[in-house]
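Asks: Let the sequences and hints guide you as you build the complete structure.
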Amino acid sequence: MSSRSPIVASQLVRHFGSSDNPVRAVDGVDLEVREGEIFGFLGPNGAGKSTTVRMLTTLLRPTSGTASVAGFDIVREADKVRRNIGVALQDAAIDPLMTGNELLELQAVLYGIAPSSVKPRAGELLERVGLTAAADRRVGTYSGGMRRRLDLALSLIHEPTVLFLDEPTTGLDPMSRVTLWEEVRRLNKEGTTVLLTTQYLEEADQLADRVAIIDGGKIVREGAPRDLKAQVGAPTLLITVDHGLEATASRVLAEFGDMRPTAEGTLGVGLAAGARAVTDVVRRLDEEGIVVHHLELNEPSLDDVFAEATGHRLEGEK
Amino acid sequence: MSTSHFSPTHLSAVRSSRALSARGMRNMRRLPSTFIPTLAMPIFQAIAFSGTFFAITKLPGFPTDRSINWYLPLAVIMGSAFAGVGLGFTTIRDIETGFFDRLRMSPTPRSALILGPLIMTWVRTVIVVTMVVIVGFGFGARLTGGVIGLLCLYVASIGLATVSAGWGLGIAYRFRDMRGAAIMQLTLFVVMFLSSAQTPLYVMTGWLHSVARVNPATNVLRLSRQGFLGEVTWNGVWGGLLALVGGSILTLTFAYRGLRGLERD
Amino acid sequence: MTAAAPAVALRQTAAMSKRSILALVRQPALVVPSIVFPLFFAALGTSSFGRATGLPGFPKVDSFLDFSLAGTIVQGVLFGSVQSGSALATDIENGFFYRLLASPTSRLGILVGRLMGAAAYGAAQTAFFTVLLIPFGLHVKGGVAGAVVMLVSGGLTAIAIAGFMAAMALRTGSSEAVQGIFPLVFIALFFSSAFFPRQTMSGAYRHIANANPISYLIEGLRDLCITGFTASACAKALLVPIGIMVISFSLALRSLAKRVAAQ
Chain A
1 MSSRSPIVAS QLVRHFGSSD NPVRAVDGVD LEVREGEIFG FLGPNGAGKS TTVRMLTTLL
61 RPTSGTASVA GFDIVREADK VRRNIGVALQ DAAIDPLMTG NELLELQAVL YGIAPSSVKP
121 RAGELLERVG LTAAADRRVG TYSGGMRRRL DLALSLIHEP TVLFLDEPTT GLDPMSRVTL
181 WEEVRRLNKE GTTVLLTTQY LEEADQLADR VAIIDGGKIV REGAPRDLKA QVGAPTLLIT
241 VDHGLEATAS RVLAEFGDMR PTAEGTLGVG LAAGARAVTD VVRRLDEEGI VVHHLELNEP
301 SLDDVFAEAT GHRLEGEK
Chain B
1 MSTSHFSPTH LSAVRSSRAL SARGMRNMRR LPSTFIPTLA MPIFQAIAFS GTFFAITKLP
61 GFPTDRSINW YLPLAVIMGS AFAGVGLGFT TIRDIETGFF DRLRMSPTPR SALILGPLIM
121 TWVRTVIVVT MVVIVGFGFG ARLTGGVIGL LCLYVASIGL ATVSAGWGLG IAYRFRDMRG
181 AAIMQLTLFV VMFLSSAQTP LYVMTGWLHS VARVNPATNV LRLSRQGFLG EVTWNGVWGG
241 LLALVGGSIL TLTFAYRGLR GLERD
Chain C
1 MTAAAPAVAL RQTAAMSKRS ILALVRQPAL VVPSIVFPLF FAALGTSSFG RATGLPGFPK
61 VDSFLDFSLA GTIVQGVLFG SVQSGSALAT DIENGFFYRL LASPTSRLGI LVGRLMGAAA
121 YGAAQTAFFT VLLIPFGLHV KGGVAGAVVM LVSGGLTAIA IAGFMAAMAL RTGSSEAVQG
181 IFPLVFIALF FSSAFFPRQT MSGAYRHIAN ANPISYLIEG LRDLCITGFT ASACAKALLV
241 PIGIMVISFS LALRSLAKRV AAQ
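Protein chains in written order, with the working numbering: chain A, 1 to 318; chain B, 1 to 265; chain C, 1 to 263.
The hints are simulated quantities; they were obtained by calculation from the structure and are not laboratory data.
Be aware that a few hints might be false.
[As the list claims (entries may be wrong)] Pair ranges (Cβ atoms, derived):
#1 C:261 to A:140: 33 to 41 Å
#2 B:189 to A:28: 44 to 52 Å
#3 B:230 to C:139: 36 to 44 Å
#4 C:29 to A:186: 33 to 41 Å
Here a beta-carbon is modelled for each residue, glycine too, at the ideal position from N, C-alpha and C.
Replies: Structure (structure tokens):
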């Protein structure tokens with residue numbers, strides 16, 4: 001493991017409850033998040049995501065194992081870790097009696113921002129997350145999306161190099177979710193390494209360069225979403241052709257992989273060589289004089305990956 | 001790793017404490033329902049006790065002939081004790097909402113997380129003491145020990161608020177829900193009443209006398225009453241000061257260890 | 001209401017009473033304070049004010065414990081009745097009350113059952129305090145007859161106070177609002193002869209205690225304990241709570257009718 005990676009965890013374990021019969025919330029997690037990437041931590045409720053994040057963000061000490069964040073040990077150098085990370089928590093833990101501005105200014109003091117920079121920095125961040133107009137309203141009056149955006153602004157007060165987002169969009173409407181994604185991408189482009197936990201497959205798929213799937217306190221898969229899906233199996237190509245040409249088309253398709261069961265009137269093949277075989281398929285069909293009316297390539301989803309790795313499906317279990 | 005323009009070079013426990021206590025004061029103004037009972041209760045207690053037990057001063061040897069002079073310091077002291085416990089309440093709420101995690105994740109010195117709210121509690125206590133004393137004077141209380149005597153009352157109040165705040169925080173960090181609130185309230189209530197709260201030691205009989213004699217709360221009450229029962233004497237002061245310093249060290253250590261313990265489970 | 005036969009109504013009311021008693025028994029956190037606090041103050045008072053019984057204005061008593069029993073009982077019953085009232089508000093908050101309304105249970109039964117539950121608890125508290133304090137030197141001069149009157153008085157007082165709480169619960173539907181009355185109950189108790197005789201008080205405080213019906217209730221109970229079984233003691237111990245009960249019960253009935261009509 002590279003010691004320069006912003007997040008490195010080795011055999012991280014966390015037990016809760018009595019020592020004779022502990023609940024093993026996190027059960028030996030190895031993790032490496034590389035500089036500049038968005039890393040998705042995917043798993044159902046209670047899988048150990050939040051506990052892992054609470055350890056990496058110094059809120060909780062590991063039962064055993066080690067981890068470093070931003071180059072510092074999370075136990076021995078907890079203070080240095082805290083100086084370098086930004087964290088947006090699952091429930092957007094913000095005091096409803098305070099205004100957005102007051103919260104940012106408090107956060108600035110707690111993070112040791114120079115007194116002369118506090119106000120400009122707060123204003124800049126409010127502007128960035130589009131809350132300037134609501135800056136002097138109590139947070140209790142904010143919508144769910146506004147709270148998350150404020151939470152994000154709070155986590156950025158000290159320009160952290162590593163950002164933890166714990167279920168940043170859980171409970172948000174689709175519009176707010178997309179706005180938040182855009183902001184995360186923008187931050188990442190500016191050089192911030194991001195670790196985000198989520199129980200939404202789409203979120204991991206859309207945002208993350210790499211994902212780790214956690215279940216029962218253990219990481220069961222890790223890699224780029226595309227690679228993980230590729231490991232599950234070949235993508236399925238679906239085509240429809242003129243009536244009467246199905247037999248010829250089937251013969252052509254069979255050259256590229258195993259035929260797959262499909263709905264009436266559609267032909268399907270599992271592309272053994274992956275998505276890049278599509279152009280060859282189309283060229284071969286053209287050579288045979290077959291006109292393709294409809295073409296669709298279905299990648300295995302992360303849910304398929306999850307199901308293959310854990311034996312149960314993530315979506316629909318929330 | 002890129003260095004930030006906003007590297008934490010201005011981190012200080014004092015600055016963070018000030019910001020946290022300002023937050024507490026502001027929230028108190030914005031949610032007066034958390035503050036008003038802590039003001040109303042001691043005022044009621046001062047009036048109700050001195051009215052109900054009006055005749056107690058007629059006992060031979062009683063140190064004052066005004067029942068309000070005896071019960072006003074008690075009410076002030078009880079109010080201060082509950083101001084400290086009130087900090088325990090708000091901390092439990094911060095833990096339950098997760099706001100406290102935000103504070104813990106910041107690189108600010110841990111001492112600021114205790115000191116900030118504690119300063120707020122002191123300010124709050126001074127406000128309560130002042131208002132209750134003013135009402136008490138309206139109901140006939142008279143200062144016999146001069147400004148020094150009044151100072152004794154303030155010292156006892158702030159000291160006891162510190163002790164009970166440490167106790168409240170320690171319990172809040174350990175229980176983290178409203179069960180903790182019941183425990184901190186009840187224990188304090190019992191300790192405060194098993195003392196010379198209602199009558200002087202010499203009036204008591206039986207078991208209560210034995211308990212109250214060794215209860216440090218009796219010393220604190222003696223200190224608080226210095227200005228209301230004749231002259232201030234060093235004899236009446238030092239025991240209270242000792243109890244408050246010792247108690248504060250104990251409960252604040254209890255709180256600090258509890259805060260550290262949050263990482264452990 | 002389908003079944004209006006008195007026997008059915010009675011059975012329903014009994015079932016409601018049983019439910020409200022069980023609710024108290026099963027939630028010791030609700031019950032314990034209304035038992036422990038009065039006893040704590042009784043113990044504290046006996047040791048603190050033991051020597052005060054010789055003060056002018058004090059009735060002739062053997063011990064401060066005998067004197068304080070009445071205050072202990074009323075204090076306990078008052079605290080306990082606040083719980084009964086807020087339990088009704090909780091029923092409204094969580095919708096159970098409306099399920100009862102939708103059932104053929106009589107409307108009156110819902111209210112009376114609650115109050116009967118409170119009465120049973122109040123009487124039980126009275127018995128418990130009396131029996132528990134006997135080994136500590138309590139002596140009830142009124143004898144068994146006096147103790148029985150005290151028991152009945154405890155029950156009636158519970159209905160009287162729980163009636164106010166029920167009225168508040170039915171009016172607001174909020175257990176927080178009902179709990180909010182608690183300080184008022186506390187004030188009413190302190191501005192009476194619960195802890196010290198009225199005769200030792202002075203000025204405005206004494207005037208308030210003189211006007212406070214709770215003073216007379218307590219003095220009735222107290223006379224049963226420290227003087228004996230007398231007609232005036234019985235009258236005070238029984239008529240005062242009955243008087244309060246008439247007022248609070250009619251308030252509760254009005255609030256019940258309003259809530260049912262608003263449904």
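Asks: Looking back at the hints listed earlier, which ones does the structure fail to meet?
Replies: Number 4 - this is the single hint that the structure violates.
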